[in-house]
Amino acid sequence: MHYQPIIGLEVHVQLQTQTKIFCGCSTAFNPDQPNVQTCPVCLGLPGALPVLNGTALRLAIKTAMALNCQIAKFTKWDRKQYFYPDLPKGYQISQYDLPFSFDGQVELITNAETGESRPIRIIRAHLEEDAGKNVHDETGRGRDSMVDLNRAGTPLVEIVSHPDLRSAAEARQMLEELHALLTYLEVSDCNMQEGSLRCDANVNLHITKDDGTVVATPIVEIKNLNSFRFTEQAVEYEIARQWKAFQETGKTIKDAPKSTRGFDPDRGVTTIMREKEEAADYRYFPDPDLVPVTVTDEQLAAIRSEMCEAPAVMRKRFQSEYQLSAYDASVIIDQGRLLAEYFEATAKLCGDGKQAANWVTQDVLRVMKERKETIANFPLRPEVLGSLIARVTQKQLTIKSAREVFADLLTAEEDQTPAPSMAQIDEIVAAKGLAIVQDDGAMETAIAAVIDKNPKAVADFQAGKQAAVGALIGQVMKQLKGADAQAVREKILTKLSGG
Amino acid sequence: MVSDGANNTMAFPRETVLKVASLARLQLTPEEVDLFATQLGATLDYVARLDELDVSNVEPMVHAIELTNVLRDDVLVPSLPRHDAVANAPKTDGKYFLVPAILES
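Sequence lines, in order, name chains A and B.
Each residue of the first sequence is one higher than the last, beginning at 1396 in my numbering.
Each residue of the second sequence is one higher than the last, beginning at 11 in my numbering.
It should be emphasised that the hints constitute simulated quantities derived from the structure, not laboratory data.
Heads up, a few of these hints could be off.
What the hints assert, rightly or not - With a straight-line Cα cutoff of 20 Å, these simulated EDC-like cross-link-like pairs (lysine to aspartate or glutamate) come out:
hint, chain 1, residue 1, chain 2, residue 2
1, B, Lys101, A, Asp1532
2, B, Lys105, A, Glu1533
3, B, Lys29, A, Asp1676
4, A, Lys1468, B, Glu69
5, B, Lys101, A, Asp1481
6, A, Lys1528, B, Asp103
7, B, Lys105, A, Asp1427
8, A, Lys1646, A, Asp1605
9, A, Lys1528, B, Asp94
10, B, Lys105, A, Asp1539
11, B, Lys105, A, Asp1532
12, A, Lys1749, A, Glu1736
Unchecked claim - Covered stretches of chain B, going by a simulated chain A footprint (3 or more residues, C-beta under 8 Å):
hint, region
13, 67-75
14, 81-87
15, 101-107
As the list claims (entries may be wrong) - Taking beta-carbon pairs under 8 Å as the criterion, some of the chain B residues facing chain A (in silico):
hint, residue
16, Leu33
17, Thr78
18, Leu90
19, Arg92
20, Ala95
21, Val96
22, Pro110
23, Ala111
Backbone N, C-alpha and C fix where the C-beta goes; we use that ideal spot for every residue, glycine too.
Excised from the complex, chain B in its bound form (with noise of 0.2 Å):
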């Protein structure tokens, strides 16, 4: 049941790792998506392995920071000039960023 490494993974799908990619906005070649289905599957199958742990007393840990309430108060901090906020842009007039039509409904 348990694995031990990449040579002995449990499956990912092809097709999940090509919904991944399309969520990502990412372009695989065929060998990319068998290497990632691989790789994927090797990673999720290590994860796999805190099943064979008893959580069920275990409070779900929702950060990894043990933190809470930072908090800043509401105060004005001067802005980028916009200059420097459209710098990186890869379009801009100089006021705006500029992307290609957005065609609506």
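This is chain A alone, in the form it adopts within the complex (with noise of 0.2 Å):
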């Protein structure tokens, strides 16, 4: 008897507005000041008339071209009618059967080192507004909840994907993909701590028995996963007690409808928060406040040209255009746009990509780290790491002297000196003597300087004492930093030979 684990993930994303989406308030992160940021509309006051917020549903059909979605030309409004506290209005203003957008794909990098990839299906991705948000009460006293509805109205995508993926990790790789789409297009700014980006994921198993007949378990939706880890543990759990239910039970889809399990971080676990005894009944209809919404071609070409390379395009670009491995276009691309465009910027420079992608992989990324600071606020900008590291590939540097070089120019930046220019590079590069020295004339006479001054070393030389070349080698190098200690002596040897 074997399984397969079954995962679809509903993904909420916060889009970029600023403001509601059906009405003007403000969508600003601001839980220290609860129910500042309401209105009639938000608040469901009798009379008050929501209006769609233009903006919202450009990111929206941004976000849908990014997942391949078709989109629909005419889109409309339904109302989703339950009770609960955060809820304002008694239902929820959200799309049924005419989402704005439908039938997508995103390409899941299944293998970081070689670069496979799968396509996930998606269903379909709608609008919709969030709710508010509720404050228990920690003690356990029983104490009142509080209700903040600040958020209530915020615009909402909600990305619904077949059961396309097939372990814990996928559904982690599948929503970091989504991080990483929605925040190149800069349609949300998927901060998971403020709840921007998050998802529930539906998960069962297909059991192969020993004949060969397949079942499924029950299927458990896990509600409000708002981390990458969180969701990788959670899918984890549950599918370890899926698969230990189904050996007790022996319970399928068939016995058990499906029921909605909470993450509790701290345990590690999953816990039942409901059974649906019968399908939630939300008595969907047509909102009748809201118009419906039409959309051109010409509206989607214009809303196309906006668009921005998804990252997994880049990804491959990077492998094929900069010949860099699957795995270091990753990490760049992994980091977010700017330091992609900072990589490529780089790389277009220097005109070597490799040597642009260890710089920017390994030294930019590690002073960042250690600064804690984010790409836009790197002292360097691609110019003059492209010019430095440009200056390695034409051999005028050595790296050890360009690391040398990068480390003198943060330094200088942090001595309140204005942001580092290229033409501090040759100054650092000149006041150190750093240059490698093609100049065969310079070493010539470098080398026949140290030669007349060292009669002694010369002496233990010719005497067979091969050691002494050593210390001329040195000398010369102390004159000539850049040079290649290589060439300095084999130039040392011929003379010393009679050459």
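Combine the two chains into a complex, taking the hints into account.
Structure follows, in structure tokens:
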């Protein structure tokens, strides 16, 4: 008997608008000042009328395009009715039978080393409003719950995937891929601490019995996962739990209804929230306060023209255009669009993608981490780093010297001087004599001078003490810091051997 | 087949009345259940007269107003002062709406 996990995600993404989806209240994350971002519309006061935020619609369409979805030419709004304290109107405005987009897919990297990927199908993506936030009494004394409606009415896109994921790790990767995609597009900040990206995971197992028949375990929806790690842990736990439950009870999808569980990160377990004895009856019906939305091909073309390159596409392009490994490309892409653009600018300027990737993934990321800085605030701009790397590839500087210059540029920056410039590279190289000396004349002169000044070392060498040449090389190198030690050695040997 | 009003209604089961009432968080007396079963039955019966029409070639209507794309710009509008926002709350501490403890999980 063996089993195959079957997982689908419902992902909620907060769109990056200034104002709520149906009113002009701010969407700013503001938990310290509850109930200061509300108005009659998002409070559900009688007579208030919602009006759709055009930017929310545009960002939602952009999201759907990035998910390779079909965009509906005609879409409408429905009321989903249920009672909960964070839902002031007694219904949520959502989209039921005519969502604005459907039938998409996301390419999921299933092997970071090889870059191997598989499409995960998207059933639909629709727009809806968020609910408010309930703050519970943590003392356990059953005191009142507190409701903050600042968040009520924030625009969300709900992305529903087919159950195409096959492991907890894949569920996490899917969420990470969506995070990368949506932040690249700048449709959402995807700040998970603030709840801008959260997901529900639907999990069950397909069990192949020893006689070859396949049965499925009851479906469980794990609600409100708000980190990549929790998503992976919750699904992992749930798979093990269902496998154990099946072995103990033999219950299949035919014996038990779908149930809802929550994840307790402290204990690392999922716990039952409710069994759906009967399918939740939301009594959807068209919202009479909101008129339908139509989009034209011209509007769609205009939105499409604003799209940036998707991270999955960029990842592949970096591999082919700059000869990066799948791994290096992913490391760069996963750091976000600004770092990817930084890398690309640097690679173009120095003309060597592989070198640029090494510098960005090692030196730049290390310094960013040490200084807890984002790439936007990183003091070396791509022109300067590109120019520095170019000197290495053109054999004007050794890697070791270039690292020294890199460190010096950053130190200079700490001393409150203006952002490091290309001119500063020249200054440091000159001051420290780091330039690789390709000028044979200069090297000849320096060697001749050192030989003249060190008759003892020369005599020792000629008396058969090979080691004496080291001292001579050292002195030449001291004068010409950028010189190639091997070349210096050969020249000295030639000279002393009477060449 | 066609009903001509409240006197000749199709039955609207009491269980359905109770279910709808429960979904709407309404508590009904037995008399009310009977009354609404009759009234809702009559209403649905009346609406059912639409079944007489052949609508196979008619696009479903999704909205009563023939208007589309009413949009606003993403521009901030001042919100209500908190004092006003919570003014109608049955219970408040001046900052939050207070509701009976919600039991999680």
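Please name the hints from earlier in the document that this structure breaks, with their numbers sorted from lowest to highest. Result: no hint breaks.
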